[in-house]
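These are the residues of each chain, in order.
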Amino acid sequence: MLARDAESLFWTGRYLERAEDTARLLDVTYHGLLETSPAEEAQAWSDVLAAVRLGQVFADGRRPITAATVSEYLVFDPKNAGSILSAVEQARENARTVREQLSTELWESLNSFCLELRGRNLRADLEYQPHELYGMVRRQCQTVAGVAAETMARDEGWRFFVLGWNLERAEMSCRLLSVRYRQLSPSAFHQWMNTLRSASGLEAYRRSYRASMDPADVVEFLLLSRTFPRSVLFSLRTAENALGHLALDGELTRPLRQLGRLRSGLEFADVRELLQGDLGEELHLVEEGIRQVAASVATQYFSNSREFDLHSLHLMPGEGGIR
Amino acid sequence: MPPDGPSATEADPSSLFANYDRGGFFDEVFDADDQVRPHYAALLAGLDRFTPEDLVRRARIRDAAFRSQGITFTVYDEGEGIERTFPMDLLPRIVPADEWQHIEDGLVQRVTALNSFLDDLYVGERAAIHDGIIPTWLVETSDGFNREAFGIPVPLGARCLVAGVDLVRDGEGTYRVLEDNLRNPSGVSYVIENRVAMTRVLPTVFANQQIRSVDHYGRSLLNALNRVAPPASGDQPTVVVLTPGVFNSAYFEHVFLASQMGVELVEGRDLVVDDHVVSMRTTQGLKRVDVIYRRIDDAFLDPVVFRSDSTLGVPGLMAAARAGNVTIANAVGNGVADDKAVYAYVPELIRYYLGEEPILPNVETYLLWDEDQRAEVLDRLDELVVKPVAEAGGYGIVIGPAASDAELEECRANIEADPRNYIAQEVVSLSRHPSLVEDHLEGRHIDLRPFVLSGGDIEVIPGGLTRVAMRRGSLVVNSSQGGGSKDTWVLAKGVELVVEAEDESTEVESSAIDVEELS
Amino acid sequence: MRLDIRYRTTFTYENLVRESQNELRACPRSDENQELISYRLQTWPVSKVFAFTDYWGTRVDAFGIRLPHVSLEVVAESSVETFQRPLLTVAPHLESLRDPSFISAHHEYLLRSPHASWGRGIEAEAVRQRELVGDDVVSLILALHRVTGARITYARGATEVGIEVEEVLSQGKGVCQDYAHLAVAMCRSQGIPARYVSGYLFTRDDSVGADVTDGDVVEVQTHAWFEAAVPGFGWLALDPTNQKEVGVRHVKIGHGRDYDDVQPLRGVFCGSSSPTVEPRVEIRRLRTNVSPVFERHVRDPQMEHQQQQ
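Line order of the protein sequences matches chains A, B and C.
Counting in the numbering used here, the first sequence runs without a single skipped number right up to 1034 at its last residue.
Counting in the numbering used here, the second sequence runs without a single skipped number right up to 539 at its last residue.
Counting in the numbering used here, the third sequence runs without a single skipped number right up to 291 at its last residue.
In short, the hints are calculated from the structure, not lab data.
Ideal Cβ positions, reconstructed from N, Cα and C, are used throughout, including at glycine.
For each label pair, taking beta carbons as the anchor points, the in silico distance ranges come out as:
(1) C/L18 to B/V447: 57 to 65 angstroms
(2) B/R432 to C/L114: 37 to 45 angstroms
(3) B/D41 to C/E105: 57 to 65 angstroms
(4) B/E427 to C/E55: 54 to 62 angstroms
(5) C/Q153 to B/R432: 35 to 43 angstroms
(6) C/E105 to B/Y415: 31 to 39 angstroms
(7) C/K30 to B/G152: 39 to 47 angstroms
(8) C/K30 to B/E427: 55 to 63 angstroms
(9) B/R432 to C/V190: 50 to 58 angstroms
Generate the whole structure from the sequences, applying the supplied hints.
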């Protein structure tokens, strides 16, 4: 298929997942803080910024780190290309350019999601009913994903969509862990629970690990679970499967090799060993690995896109110089 | 098999036609004695069972279907794009077989002559100019005359790969050519979609008849494109449709055609020229392209040679075409032949290149750069239609009988300032066709745009787009100015339209299912 | 005169350029006044060149580069023999400009074109000259040629591509293409068909155009002049920048309605920065033993006459 179309579908998947993950993170943090002390509030919001890698924006100290400022920034600030509003708009824009390759239902569900979001007074929502807003975003993202899964043929376009979606998911789960992994004392119980909630994994976690909130168990669940869809390993396996389908005649493409290595590293990891070693470094390497895979995917499949503007060139007699 | 319904000469117009007024125009359905023309008898019989409310309801269903499928075009107003459906009137326009044969023969003749003229002009001897059939200055000053196309051959001389020749019917019922569209004629997607829509909302009127199908257009277009591929491209040339992108008002049609033909829809940025060979950027690397069906104007095709600010085109494309590595369809430079001034000479070009009398006449046209003709025209300005040579889409036209004194004065001044930019034509009393207006039928002016494909042989799609001027009394049919369309039926030879009496209740139920599906 | 011409242009970009597609018009044409003996084009990075002749009869070299590069060098080497131009032996009256077949044959060169379009200022000056010289086409052409030189001072950097030629006139400054456009506009305003010419001039200084007496090699830029159609004769070529008749030291690349039709190089590149450009033309005169007179005596009675004295 056209490289540009593949790239659009890849990014549609990424942006949709980004919007959903951000909504969930904000929702959990906001409600988690109702149960914690005020002193922990600033730290919690800092953690949120760290999880989406936007901490430096507030680093100059001009804006305080509060629920209001961080939520606004991550929900609708026009200067934030990673805000929920921005992510949904971009998902729609990308989908629009490949609209004829999507099912009508998929386009319509994404389109109406975007229109609904645009039509809301987001500032008022954040002040009076943030949970309702975040709930709407999560539901709509899940609807779109569901419609996609039900109505798209499993062709090349579908694979790129799944790839983008799952690479984004893996990266986010990884980051949730990196923000939390240092807090290994028992009093960090609530923080670990919130981390699980941010990944919509609390119930699934309890079915496997019961009431334990041992950090080792949470790390194992979110990083290495083979059954929980949001674990890093699970997402990477789904992404790898999609990449495998994209390779012609069983060719071992560069992104496939990189992703395979990354995934198998996790496949055979032991969480106790990880905790004895430098977990922070490990998580950082995994996150870096995911970024490299994304870059290789772009080089392998989307390359040669005309990134720069075309400039015209004229040369006149009697003059040295471009006009 | 004789129709079950009323015979042609005895048919009573149903309540739909109560108070229908032909208004002194040539009417497609009713003749001069207000009798139903034979080829419409069965349709009217079939419509007899519908009340106006039924039709209105079905029209709404059709609108909803078009909207949800995205069969829209975009009208840009102050930078905002508004998606509109191109309204389809439920009453089809019917052309009997012998009339169609006449039209088809005329179209084949005309497009053959135009292809010859263009080929002669750009790669040949320019014989028609040398022999004085058409003035040199007329050709050289035409906006569409493209010097960059000079010397670029087109396989089979099929420069007008897709031509849309606009026909009107005058007060005597004679078909005349109003305008040739040889660059980017659009609208064929509506031809196909209208037929599909009709079969869904008014299925009964199709029963037991033989209307020539139009759904093979995609296959025919692809065949023609394959035939103009460069010789070196082999058995399976790679064909693409080049679109300016989602912001173009006809984008839906580009998507439609690419999908009908099963080829890629690309934008300029998806193509690249390397060593004068055009390729498209795919996930598996560069794939060579042999034929480009481009829906982009000449001026935007190649920033090296044309507008350097165009991001819609492909740098180096013209060199690749010149090197014979890719065919651009429709060819660059066709605009000189659909120029309104050159239009007046087309009958002569037919005589010159084919040695035949034109089968389809032009509308009587006056050339305002000729002193005598200009004097006469200025004398009768309030009776004639004045058209600027350079405008498209129906803009800038002054219709004498409908214009105010101020408008006529302005028109006179424009003509005197720049006579070479204007032609004048007699007002053609366009034929009318009953059309659904709210809950009853009224006559509305129509025209016809058949689509003609060249690729060695010339093929005409049966029927074409019948455009309707939706506003009462209006003669303007363009989509961008509030026109609508009708499904156009060409009857197969030797068979009459026949409708059997069917159980209406089952039809109502199936329509109800449609409503649920579509709402 | 036998001349070897080496046209060389280097584009240097600040950042990597991924793609470049171009058309070069640097090859001298063969016509009644000159003969192209050889021509060769090379580019660095190397590219495949596709050559063709355009609508105006000019040779075009189309080439594209799709390797990332920071500089593009184009070198076109040609060898050409120029001949003496025939003397003007006719003196048509102004009314011959209105002959329908003359107009029809030169129609494209009578109309306004983007860079050679006249307004009141140019028209007024042209009419003034017409009143001065009387009813003689050639005198009028020469007068317009002279007044172009008089009204403009040679100055680089004063004008830009796309400048209206009326503004050139009112500013009074320009380079060779501005002189050429002005002369063309003035001629056309009086019904004299005129065309813009792109080419090379063997001289040390384009703006002056003096003969080269102290050697056989010069380094210049591409040059521009104009040609006016004289009824019953053909095209009269004049160089308004140096106020000389076009002769054996002028080598023509091609002509057109104006600069747009015969740009030495046009193209697009895909990158983020504008390049610095170094164009250079080296012209070398070859002194040959065989006098061109023997091959050309039919065309050049004046020269032969001088020889015999």
